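Listed below are the residues making up each chain.
Protein chains: 4
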Amino acid sequence: MTVHELRPAFEQYNYVFGGREAQLAIRPGDIVELSTEDCFGGRVTSPAQKPSEVCDFNELNPVTGPIHVEGAEPGDLLAVHFIDIRPSRGHAISAAFPFFGALTSTHETATLQDPLEERVWFYDLDLDRWTASFRARNSDYALELPLDPMHGVVGVAPAGGEVRLVVTPSKHGGNMDTPEARTGTTLYLPVNVPGALLAIGDGHARQGEGEVIGTGLECAMDSVVAVDLVKGGAPDWPRLEDDMHIMTTGSVRPLEDAYRISQKELVDWTSDLTGMDALDAYQLVSQLGLAPAANVCDPNYTMIAKLPKWALREAEAYGGVHRRLRAAAEEYRTAR
Amino acid sequence: MTVHELRPAFEQYNYVFGGREAQLAIRPGDIVELSTEDCFGGRVTSPAQKPSEVCDFNELNPVTGPIHVEGAEPGDLLAVHFIDIRPSRGHAISAAFPFFGALTSTHETATLQDPLEERVWFYDLDLDRWTASFRARNSDYALELPLDPMHGVVGVAPAGGEVRLVVTPSKHGGNMDTPEARTGTTLYLPVNVPGALLAIGDGHARQGEGEVIGTGLECAMDSVVAVDLVKGGAPDWPRLEDDMHIMTTGSVRPLEDAYRISQKELVDWTSDLTGMDALDAYQLVSQLGLAPAANVCDPNYTMIAKLPKWALREAEAYGGVHRRLRAAAEEYRTAR
Amino acid sequence: MTVHELRPAFEQYNYVFGGREAQLAIRPGDIVELSTEDCFGGRVTSPAQKPSEVCDFNELNPVTGPIHVEGAEPGDLLAVHFIDIRPSRGHAISAAFPFFGALTSTHETATLQDPLEERVWFYDLDLDRWTASFRARNSDYALELPLDPMHGVVGVAPAGGEVRLVVTPSKHGGNMDTPEARTGTTLYLPVNVPGALLAIGDGHARQGEGEVIGTGLECAMDSVVAVDLVKGGAPDWPRLEDDMHIMTTGSVRPLEDAYRISQKELVDWTSDLTGMDALDAYQLVSQLGLAPAANVCDPNYTMIAKLPKWALREAEAYGGVHRRLRAAAEEYRTAR
Amino acid sequence: MTVHELRPAFEQYNYVFGGREAQLAIRPGDIVELSTEDCFGGRVTSPAQKPSEVCDFNELNPVTGPIHVEGAEPGDLLAVHFIDIRPSRGHAISAAFPFFGALTSTHETATLQDPLEERVWFYDLDLDRWTASFRARNSDYALELPLDPMHGVVGVAPAGGEVRLVVTPSKHGGNMDTPEARTGTTLYLPVNVPGALLAIGDGHARQGEGEVIGTGLECAMDSVVAVDLVKGGAPDWPRLEDDMHIMTTGSVRPLEDAYRISQKELVDWTSDLTGMDALDAYQLVSQLGLAPAANVCDPNYTMIAKLPKWALREAEAYGGVHRRLRAAAEEYRTAR
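Chains as they are written, first to last, in this note's numbering: chain A, 19 to 354; chain B, 19 to 354; chain C, 19 to 354; chain D, 19 to 354.
In case anyone wonders, no lab produced these hints; they're calculated from the structure.
It does not matter which identical chain is meant; a pair holds if it fits inside one copy or across any two.
Subject to a maximum C-alpha distance of 25 angstroms in a straight line, what follows is the list of computed SDA-like cross-link-like pairs (lysine to any residue): (1) K327 x R200; (2) K68 x D132; (3) K327 x E198; (4) K68 x A238.
These numbers were taken from a predicted model, which means no experiment stands behind them.
Based on the sequences and whatever the hints tell you, model everything.
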């Protein structure tokens with residue numbers, strides 16, 4: 019088991035997928051310990067600050083990487099297993115950013131109305147009790163929330179030579195903002211360029227489905243991932259797997275098109291894994307599937323489609339790569 | 019505890035909300051045992067039949083009712099608690115109906131392509147083991163699915179004198195097709211006309227989130243509901259409550275607008291129940307909320323927004339009507 | 019040539035399509051002189067008033083009718099030719115209504131933002147010069163606009179026993195709000211119930227494409243229509259024809275679905291009229307078609323698809339009914 | 019008057035905006051004579067070929083350029099005036115490309131249906147009569163269409179260091195596919211990088227509004243443009259001006275959001291040019307504006323908003339740059 023470390027200095031963060039030099043080279047099966055900054059690049063240090071005044075919109079969501087994976091070629095599948103995602107500061111930050119989020123007009127859903135108030139919430143994190151403290155800003159309402167850390171941004175270099183701001187999720191991954199990208203989950207990404215060029219960022223100490231206000235509990239993270247490769251296995255869109263479910267994604271607008279893509283992906287995957295034809299798989303997915311929103315605030319919206327793995331009987335996705343990475347994660351934890 | 023029975027003959031089913039005479043009059047607090055037909059009106063009796071050939075599109079989803087609730091006035095809230103939803107036939111039926119469902123073009127999302135094959139699945143139901151048997155039509159794949167019965171259609175007469183086909187969900191309820199409308203849940207509807215005129219139908223032995231193929235395990239049901247009234251409490255859109263969550267709905271197109279409505283409703287409700295202002299409630303909902311699709315196939319799409327009730331601390335919705343109806347349900351069950 | 023008159027008293031206006039008794043019976047080929055109220059029911063009498071305070075949202079857009087057309091049966095086509103549309107007051111009214119219009123959040127596209135200011139504009143009409151005077155409210159900018167009167171609402175009783183508020187356009191017509199419904203144009207509607215039950219309202223002295231603020235130059239009208247019937251010719255969606263173009267409509271959300279419907283209708287119609295198959299007609303429409311927005315503010319959005327009639331060579335729609343109604347209009351004008 | 023020539027060899031075409039070296043450097047006020055390839059890169063040479071088999075989807079719409087404009091800095095406005103757009107081959111090509119176009123499911127609007135037939139149409143062009151010959155493939159229907167040449171793709175390097183496939187229109191321009199980009203029109207683009215890096219391609223001999231089948235009369239072109247710069251004048255989204263109208267664009271999904279952006283841009287521009295506040299400008303645009311679709315087939319949809327220039331009274335956009343470029347075009351034509 020080879021374990022790498024990647025802890026970028028501030029000026030080493032990237033804000034795009036594609037077109038950047040690798041900062042680390044690894045081999046399939048390796049493990050990477052990495053640190054990530056929060057979505058604001060650490061620039062928001064007090065609830066009295068306005069994120070819109072201290073942050074440049076084109077420099078939100080700094081990512082750690084890219085990481086070059088030896089042997090990865092276009093058409094392959096990159097498997098990224100989250101061994102650990104752990105807040106590295108004592109607080110997380112959330113904000114109502116002007117003209118961003120689902121319950122406000124935005125630069126894409128443009129109206130003539132005034133923006134909502136720009137309000138910032140600081141959450142104290144208690145890593146022993148694994149909780150975050152919510153405190154209302156305009157009343158004395160307070161609540162302890164369980165942590166459920168995740169990475170909002172995980173992706174690879176896009177196809178076709180494109181370079182995309184990290185804020186936009188698409189086929190290459192990116193800012194999908196799904197709470198499913200948590201410890202114990204494996205994310206599957208298509209490889210579009212030699213080396214794949216994986217990058218990770220935008221940790222959330224927790225986030226609801228849809229990320230309706232546009233931000234989760236934004237937080238710098240110390241994370242550990244195991245990375246593997248399935249030759250020739252590239253999915254059309256990012257997929258996920260945990261111990262209970264296979265999951266597909268669609269990231270596009272409008273939201274029904276994101277839903278359609280995620281569901282078609284799940285039908286296709288179920289058909290592949292069970293040998294059923296598309297229509298029989300469509301029927302089964304329709305009765306057993308779950309369909310939570312991931313984000314309805316980013317430049318593309320993301321929907322998730324989930325199927326319980328017991329519905330697949332004995333079939334295993336991608337030759338059992340999730341199971342093997344799960345075991346590697348156990349081995350890593352034991353070794354520490 | 020007054021218990022009524024409503025078991026319509028075939029010709030007594032209705033296909034619209036609004037504009038129909040009440041078939042039963044009850045008082046707040048009463049219980050109704052009722053039978054409902056399946057979405058096809060019982061016309062599909064073999065997997066060899068094509069639903070599109072034996073059913074008239076304007077006579078899908080027959081409903082039982084309407085039921086007149088004494089004292090219900092526009093502006094009131096009608097609470098409908100599902101005490102029991104039990105399949106009354108030995109099988110349930112699902113179908114890929116031509117130009118209906120999320121993974122096909124439809125009459126609203128019109129293309130020039132051919133329809134998908136019209137295929138029908140019959141599921142044997144085992145009420146002892148509480149399972150349904152899925153059998154693929156084009157291969158030998160089979161699977162036992164757990165039952166999770168629900169009503170796809172529950173609603174009242176619309177506002178403004180409108181009469182709507184049951185197939186279209188909107189502010190008055192209707193064909194929301196959410197699996198949350200299950201035993202143990204209370205559905206809250208706005209009263210728009212004197213007596214409310216509640217009607218119920220479209221039972222599903224189970225259904226995935228989004229109902230992507232356009233049908234669940236369609237099934238005639240023997241159901242029991244308890245009905246109550248909260249004077250002056252009418253919500254803008256239907257809401258639900260079970261023991262763990264408060265839930266809101268939005269039923270409109272496109273899907274992001276259904277999402278927006280459901281989330282705004284949940285923000286407003288959370289604000290009402292906690293005393294927080296809208297922006298603080300928006301923040302909390304964003305971090306704790308769930309956002310599953312209900313249907314993405316009907317003339318309006320339905321999204322659900324859910325908040326765990328522990329986030330409300332001691333607050334109870336509508337003066338604890340769900341808790342009281344839960345208790346009445348226990349009393350009813352004990353009495354049988 | 020039989021000419022009828024229909025001038026409702028205030029309490030005779032209707033606010034729904036369907037479920038109302040006919041106020042006049044005519045025969046195919048007859049002409050009707052009718053008066054219509056403005057969308058506010060005449061309740062707004064000064065720019066200092068707020069329409070939202072003097073109007074009930076469920077009583078906007080009063081319609082004149084319904085008119086029973088002898089011999090009209092479900093499956094027939096009703097042709098309504100606009101012989102004249104003439105403002106009957108010296109002014110027209112427009113307004114930015116709270117949470118209505120395309121550049122504000124609405125009850126369907128819900129946000130937490132404050133509404134825009136509710137502002138009212140009165141336009142003086144000069145019927146000799148055929149102009150309306152625009153005067154900015156917050157500066158001294160003024161402009162004379164040419165009149166181009168139209169009816170925003172024209173429709174028949176819906177199918178399936180539905181009763182719909184006039185504000186919602188759909189397959190039965192209704193509040194399509196297209197400037198194409200002007201003098202010299204024939205509107206084709208499907209007949210859904212015996213007698214068709216035609217109703218007309220919501221005159222605009224003029225309106226831009228899309229009706230972006232949600233109101234045109236709202237105006238009571240004295241209008242004259244000629245009505246005819248084509249047995250068995252019902253289109254799926256309302257269509258229009260003038261001397262230069264055939265036109266189709268789609269009224270649904272989201273806007274791309276309204277576009278898809280209108281374009282598919284135009285492809286189908288072009289195919290019918292030219293004998294080309296669907297794909298060849300699709301090609302021709304793609305190169306010659308026009309695609310203006312009608313409304314992007316009502317509960318359903320309406321798109322128009324237009325094809326120049328020279329592209330049809332010698333073909334005539336519906337056996338030349340537009341040409342005959344045009345001639346009848348000339349005869350009527352000559353006779354007055 | 020400095021006139022440049024830019025006639026790329028095949029291997030010099032680009033397929034992205036951003037990240038490419040300039041192929042020509044010019045100064046504001048200069049004129050460029052340039053040649054462009056058709057959207058298929060000239061690979062389709064017979065109607066018997068399938069474009070999907072001879073073309074790589076990531077190499078559609080080759081562009082000529084980029085062109086470096088001296089002195090152009092982020093925040094400036096680049097004005098591109100079309101002096102001439104002239105087909106350079108004797109034929110134009112259109113096609114129904116699999117899973118592309120508005121009346122088929124696509125990779126974004128995903129269904130399980132089969133694609134439409136892939137059919138190709140060749141149009142003979144007659145540059146003397148200025149017509150193109152449409153011939154149906156499956157019947158003997160034929161028609162002469164007037165030419166109305168335009169460029170589907172015109173854009174600059176995007177902001178934020180992004181590199182985008184030319185197929186996707188956005189704030190930097192790109193594949194907007196509007197028939198308004200014709201001879202006599204000036205297109206205004208925001209400058210995002212030093213030198214602007216203008217590129218042009220995707221000529222259509224003509225195209226309907228919406229480009230519903232996904233292709234126009236695709237054609238290699240000999241074009242002439244005059245380029246100018248307005249310091250500090252960058253619009254948020256591309257705008258256009260001809261002798262009769264000012265025009266704005268929005269390119270995003272869903273279509274109603276493209277409409278909202280284009281309309282808000284027109285309201286803002288009208289407000290700037292007339293001194294009216296936003297609400298008064300909103301009112302005027304609502305009554306006088308036109309709202310044609312540009313494309314409803316590309317990865318982002320494009321809507322156009324148009325206002326007749328007489329509504330602006332004496333105001334001139336950007337200090338009269340369109341008028342000056344119009345004069346320069348006359349001078350150029352006279353000089354040839």
